[in-house]
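Colleague: Read off the chains here:
Protein chains: 2
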Amino acid sequence: MATLEAILATIDKNIDASTQRLFDLLRIPSVSTDPAYTKECERAADWLVRELQGLGYSAESRPTPGHPIVVGHANAKRKDAPHLLFYGHYDVQPPDPLELWKTEPFAPRLQQGDGTQEIVARGASDDKGQLMTFVEACRAFEANGGLPCNVTFLFEGEEETGSPSLPEFLAANKAELSEPALALVCDTGMWNATTPGITIMLRGLVQEEVILRGASHDLHSGMFGGPVVNPIHVLAKIIGELHTEDGEVALPGFYDGVPELPEDIAAQWRELDFDEAAFLEGIGLSQVGGEAGRGVIEQIWARPTCDVNGIVGGYTGKGSKTVLPAQASAKFSFRLVGTQNPTKIVEKFHAFVRERLPVDVTAEFISHGASGAINLPFGSEALKRARRALADEWGVEAALTGCGGSIPIVGAFKRDLGMDALMIGFGLEDDRIHSPNEKYSLTSFHKGTRSWARVLAALAA
Amino acid sequence: MATLEAILATIDKNIDASTQRLFDLLRIPSVSTDPAYTKECERAADWLVRELQGLGYSAESRPTPGHPIVVGHANAKRKDAPHLLFYGHYDVQPPDPLELWKTEPFAPRLQQGDGTQEIVARGASDDKGQLMTFVEACRAFEANGGLPCNVTFLFEGEEETGSPSLPEFLAANKAELSEPALALVCDTGMWNATTPGITIMLRGLVQEEVILRGASHDLHSGMFGGPVVNPIHVLAKIIGELHTEDGEVALPGFYDGVPELPEDIAAQWRELDFDEAAFLEGIGLSQVGGEAGRGVIEQIWARPTCDVNGIVGGYTGKGSKTVLPAQASAKFSFRLVGTQNPTKIVEKFHAFVRERLPVDVTAEFISHGASGAINLPFGSEALKRARRALADEWGVEAALTGCGGSIPIVGAFKRDLGMDALMIGFGLEDDRIHSPNEKYSLTSFHKGTRSWARVLAALAA
Numbered sequence: 001m002a003t004l005e006a007i008l009a010t011i012d013k014n015i016d017a018s019t020q021r022l023f024d025l026l027r028i029p030s031v032s033t034d035p036a037y038t039k040e041c042e043r044a045a046d047w048l049v050r051e052l053q054g055l056g057y058s059a060e061s062r063p064t065p066g067h068p069i070v071v072g073h074a075n076a077k078r079k080d081a082p083h084l085l086f087y088g089h090y091d092v093q094p095p096d097p098l099e100l101w102k103t104e105p106f107a108p109r110l111q112q113g114d115g116t117q118e119i120v121a122r123g124a125s126d127d128k129g130q131l132m133t134f135v136e137a138c139r140a141f142e143a144n145g146g147l148p149c150n151v152t153f154l155f156e157g158e159e160e161t162g163s164p165s166l167p168e169f170l171a172a173n174k175a176e177l178s179e180p181a182l183a184l185v186c187d188t189g190m191w192n193a194t195t196p197g198i199t200i201m202l203r204g205l206v207q208e209e210v211i212l213r214g215a216s217h218d219l220h221s222g223m224f225g226g227p228v229v230n231p232i233h234v235l236a237k238i239i240g241e242l243h244t245e246d247g248e249v250a251l252p253g254f255y256d257g258v259p260e261l262p263e264d265i266a267a268q269w270r271e272l273d274f275d276e277a278a279f280l281e282g283i284g285l286s287q288v289g290g291e292a293g294r295g296v297i298e299q300i301w302a303r304p305t306c307d308v309n310g311i312v313g314g315y316t317g318k319g320s321k322t323v324l325p326a327q328a329s330a331k332f333s334f335r336l337v338g339t340q341n342p343t344k345i346v347e348k349f350h351a352f353v354r355e356r357l358p359v360d361v362t363a364e365f366i367s368h369g370a371s372g373a374i375n376l377p378f379g380s381e382a383l384k385r386a387r388r389a390l391a392d393e394w395g396v397e398a399a400l401t402g403c404g405g406s407i408p409i410v411g412a413f414k415r416d417l418g419m420d421a422l423m424i425g426f427g428l429e430d431d432r433i434h435s436p437n438e439k440y441s442l443t444s445f446h447k448g449t450r451s452w453a454r455v456l457a458a459l460a461a
Numbered sequence: 001m002a003t004l005e006a007i008l009a010t011i012d013k014n015i016d017a018s019t020q021r022l023f024d025l026l027r028i029p030s031v032s033t034d035p036a037y038t039k040e041c042e043r044a045a046d047w048l049v050r051e052l053q054g055l056g057y058s059a060e061s062r063p064t065p066g067h068p069i070v071v072g073h074a075n076a077k078r079k080d081a082p083h084l085l086f087y088g089h090y091d092v093q094p095p096d097p098l099e100l101w102k103t104e105p106f107a108p109r110l111q112q113g114d115g116t117q118e119i120v121a122r123g124a125s126d127d128k129g130q131l132m133t134f135v136e137a138c139r140a141f142e143a144n145g146g147l148p149c150n151v152t153f154l155f156e157g158e159e160e161t162g163s164p165s166l167p168e169f170l171a172a173n174k175a176e177l178s179e180p181a182l183a184l185v186c187d188t189g190m191w192n193a194t195t196p197g198i199t200i201m202l203r204g205l206v207q208e209e210v211i212l213r214g215a216s217h218d219l220h221s222g223m224f225g226g227p228v229v230n231p232i233h234v235l236a237k238i239i240g241e242l243h244t245e246d247g248e249v250a251l252p253g254f255y256d257g258v259p260e261l262p263e264d265i266a267a268q269w270r271e272l273d274f275d276e277a278a279f280l281e282g283i284g285l286s287q288v289g290g291e292a293g294r295g296v297i298e299q300i301w302a303r304p305t306c307d308v309n310g311i312v313g314g315y316t317g318k319g320s321k322t323v324l325p326a327q328a329s330a331k332f333s334f335r336l337v338g339t340q341n342p343t344k345i346v347e348k349f350h351a352f353v354r355e356r357l358p359v360d361v362t363a364e365f366i367s368h369g370a371s372g373a374i375n376l377p378f379g380s381e382a383l384k385r386a387r388r389a390l391a392d393e394w395g396v397e398a399a400l401t402g403c404g405g406s407i408p409i410v411g412a413f414k415r416d417l418g419m420d421a422l423m424i425g426f427g428l429e430d431d432r433i434h435s436p437n438e439k440y441s442l443t444s445f446h447k448g449t450r451s452w453a454r455v456l457a458a459l460a461a
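Going down the list, the protein sequences come from chains A and B.
Going by the working numbering, the first sequence opens with residue 1, and the numbers climb by one from there.
Going by the working numbering, the second sequence opens with residue 1, and the numbers climb by one from there.
In case anyone wonders, no lab produced these hints; they're calculated from the structure.
Treat the hints with care, since some could be wrong.
Since the list can't tell identical chains apart, any single copy or any two copies may satisfy a pair.
Said to hold, decoys possible - List time: in silico DSSO-like cross-link candidates among lysine-lysine, alpha-carbon distance up to 30 Å:
1) Lys79 x Lys174
2) Lys318 x Lys344
3) Lys318 x Lys348
4) Lys77 x Lys174
5) Lys318 x Lys39
6) Lys174 x Lys384
7) Lys39 x Lys237
8) Lys39 x Lys77
9) Lys318 x Lys237
Generate coordinates for the entire structure from the input sequences, incorporating the hints supplied.
Modeller: See below:
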C-alpha cells in the first residue's frame, strides 16, 4: 500500500485533469425539478456510471419513478477493511433568473476569486464539485495500489426536489445498501475558507404548495370589483398571519418538539468567529430579521422557520391589467429542528389555511416533500478520526456545526438503513448555491479531494 | 334625406357584411399593454383609417408617444346639423391565460348562444364590436343620402393601459376636437339582454405597481432561512392589512369624497330587476363579498375598491425551489367614486406601504395611470332624445345606470374639451371582457347598429 503522502502527491499532480472532469459534469444541465430536463438528468447519471467504471468499479444507473440513481461498488485491497457508503447528488437547482448570470450557467469556467481560483457554474458547489472531490480521491488511491476501504457509491438525482424516489429505493435495495457501517455525505460546508467543518445537526424540510380559487374565471376588476372575493387578498392575509410581530411562526403547536439549545453546544458556537454584521452585509442587509432576540447562527442551525418561496396570481406581465384573478398560489417551506413532526406540521398548516378561507374560496394543497430534522451523536470513533484527518490537512480543528438546509438522505440512512452519517463538505457560505453565478473554490475542490484521501486512510487505520 | 325606416332596412340587409368587417378587425391582435404587439396596434389603426376613408370621410392615423390615435371627420348633408364626437378604442386586453380559450382569441367565429348568435374573440365586446356598431350605422346613412349629423371620429389604442397619450393629444388638437357639442361613447353596456342602458356614473381608476426588495440576491432558504427578511412576507402583510374585517379599504382618508348614494338614484336602482344570486352564480360564487352590508349594484356602481390584479415573487415554476427571494411585486388598482382625488389616493397608498416596510426592505412604485370618477348631469335634452330613440328600438325604457369600470376619456372630454358624453353601449354582463372566450352578442351588434342610427336621427331632429 502506498503512503498517504504518495496519494496526496498524485492528487496535486492531477488537479487540472480533475478540474476538467468536473467541468464535463457541470456542462450537463441536470435540473431535477423541471420535466424539460429529464434527459439531462439521465445523461448526468450515465456520465457518473462511466467515471466509476473507468476506475474499475462496478456501477449502474438504476431507474426510479423519477430520475435514476447511480449505484457503484469498489473493493478495498485489504479483506478486513471497513465498508463505507458515499452519497452525493448529481441534480441541480434551476438556473433562473438567467439574466443575472454573468456567463452561461452550464458553461463552467475558472475566475480569479479572493486568494483562489473559483469554478463558476450551476451545481459547482451544490453538489457536483463536492461529489467529485470524493471520486477524485478514489482515483488517486487507484493510481497508488487501490482503496483502503470498501466503498458503495450512491448518487441520486432528486435531492433538489426532496428526494421523492429515494426512500422506496433504499427499501427495495436494503440488503445491498445497508452493508456499509457508515455513510459519508458531502453536501455540507466548511466553517470558513480556512476551517473545515463537520455537520452534526440538520434542519428538516416540509414543502407545501397552496392554490386558492375564487370566482369561476378571471373577471374585469371594474365591472366586478367590490363584491367579488379576490384570492390574492385571501392568500396574502394568510401569509401575513403566519408570523407573529416577534417573528415567530404562528401555526398553533408549531414549536412542539423544538428544544432550546443545550449549553455545551451554545458555548462552542459562541466561540466560533462568526461576524453577524459581515454576514448581513454580504447579502445586502443590515439587521438580523426573523425571531426577535435570536442571532443568525442560532436561527439558521437550531430554529425552525416558515418561508414563502414563491407566489403568483393574476397578471404579472408588463404594464397593467384590470383583472380580478380567479386564483392565486404560493409555495411554502418549513425548516424543522429537534423532534418537530413533519406530518403534524403539514396538518397544522392545512388547518391554518382552511380556517382562514372565506365563503367561496377553496384551497388545493400539493405536497413537495416532508422530512424531519437530524441530530447526530457526538464522540463516535469515526467522528474523532475524521476530525483528526481534517486537522492534518487544514492545520486547524474542524468546527462541529449545524446546517440550516435539509439533507433528507441523512434521515433516510438513519431510519431505513440504521446508518449514521459523517457529513463533511467543502462548500463556502458565499458559494451562491441556488443563486445566479454559483461558484466552488478551487481550493475547496483541491484540498477537499486531499481531505477525503486523509479521511479514508484514517477510517481504514 | 331617406327615412329612418330605409336606413334601418339597409342595416338589416347588410348585417352579414357588417359582421365580416368586424371579424377583419378582430383578427388584428392589438394588445396595447405588451410592446410585442406595437405593430399590431398600428395595423388596427390603419385598418380603421381605411374604413372611414372608404365611407368618403377624411381620416388619419396620428402618431403619439404610445399607440396611434385615429381621427376622422364626416360632414352632414344639412349645414346646420349638430356636430358629435364619436369615441371608441381599437386596443384590447392581453388574451392570457391562453389555455382557457376554446378557440384562438384572434380567430373570430360565431357560436350559438342563448337565443342569439355570439361573436367570440378577444375584443369582440371590448371594444371593437361596440365601435363598429357606430361605423356600420354611418355606413347605412351613407347608402341612403348621407349623415344627419356632422361627426368627428376619435379611436384610440391605449384605453386598456389607462390612455396615457390621450390628454396630451386632446390638448394639442383642442381646436379641432372641441368643435363637437357632445361626445358619444360606446364602451358601456346594456342593462340586460333586452333593456338598453345609458351610463351616468363611472368609477375612476388608480393603478400602482409596487416592487419590494430585500437581500441583494436570491438565497437558499435552508442556508439563510430565519434571520433573512422575506419580501413576499412583507408584501403579503401589507396586502392583508389593506382591508378591514368589514371589507373596507384601510388606507387612512380613503373614503374622503365618497358620497352616500342619493335617495332618488337608490330608488331607481332598487326597481331594476337585478338578481344578486344569479349574478353570483354566473361567476361561480354564492355570497356577496366586499363591504359588509352593501349589495352588488351599489358596490360596483357607487363604492370605491382596492384590488390586487397581480402578484409575483420567488419561484413560480413547476415543483419546488428552496429559495428566499430577493424581491416580490404586485399590481394594485383602486376604483374611485364621487370626488375621491386620484393624486391623494396615490400618496396615501405610497405612505401606507412605506410605513409598513421593515429595515432592509425598499419599495419602488410604478404608476400605470390615475383618473377620478365621473358623474354626468341628469335631464339634458340629448339624454332625453337618446332615451327615446333607444326605447323605440328596444321597446322598453333605457335604464340609467352606473358603471364600475373607468372610461378615462370621458373625464378627459369634460376636463380638457368641456364636453359632456353620452355613454351608450350594447355589451352584456356575461360578455367575459378581459377574460378567456370573450364574446359579443350578434343581437347587440345588429340592434346596436340600429340604435345608433336612431340616436343620430333623434339628435339631428
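Colleague: Next, verify each hint and record whether it holds.
Modeller: Here is how each hint holds up against the structure:
no.: 1; hint: Lys79 x Lys174; in the structure: within (22 Å within a copy, 98 Å between copies)
no.: 2; hint: Lys318 x Lys344; in the structure: between (41 Å within a copy, 25 Å between copies)
no.: 3; hint: Lys318 x Lys348; in the structure: between (37 Å within a copy, 24 Å between copies)
no.: 4; hint: Lys77 x Lys174; in the structure: within (25 Å within a copy, 95 Å between copies)
no.: 5; hint: Lys318 x Lys39; in the structure: between (33 Å within a copy, 17 Å between copies)
no.: 6; hint: Lys174 x Lys384; in the structure: within (28 Å within a copy, 87 Å between copies)
no.: 7; hint: Lys39 x Lys237; in the structure: neither (40 Å within a copy, 41 Å between copies)
no.: 8; hint: Lys39 x Lys77; in the structure: neither (37 Å within a copy, 73 Å between copies)
no.: 9; hint: Lys318 x Lys237; in the structure: both (25 Å within a copy, 24 Å between copies)
Consistency with the previously given hints fails for numbers 7, 8, ordered from lowest to highest.
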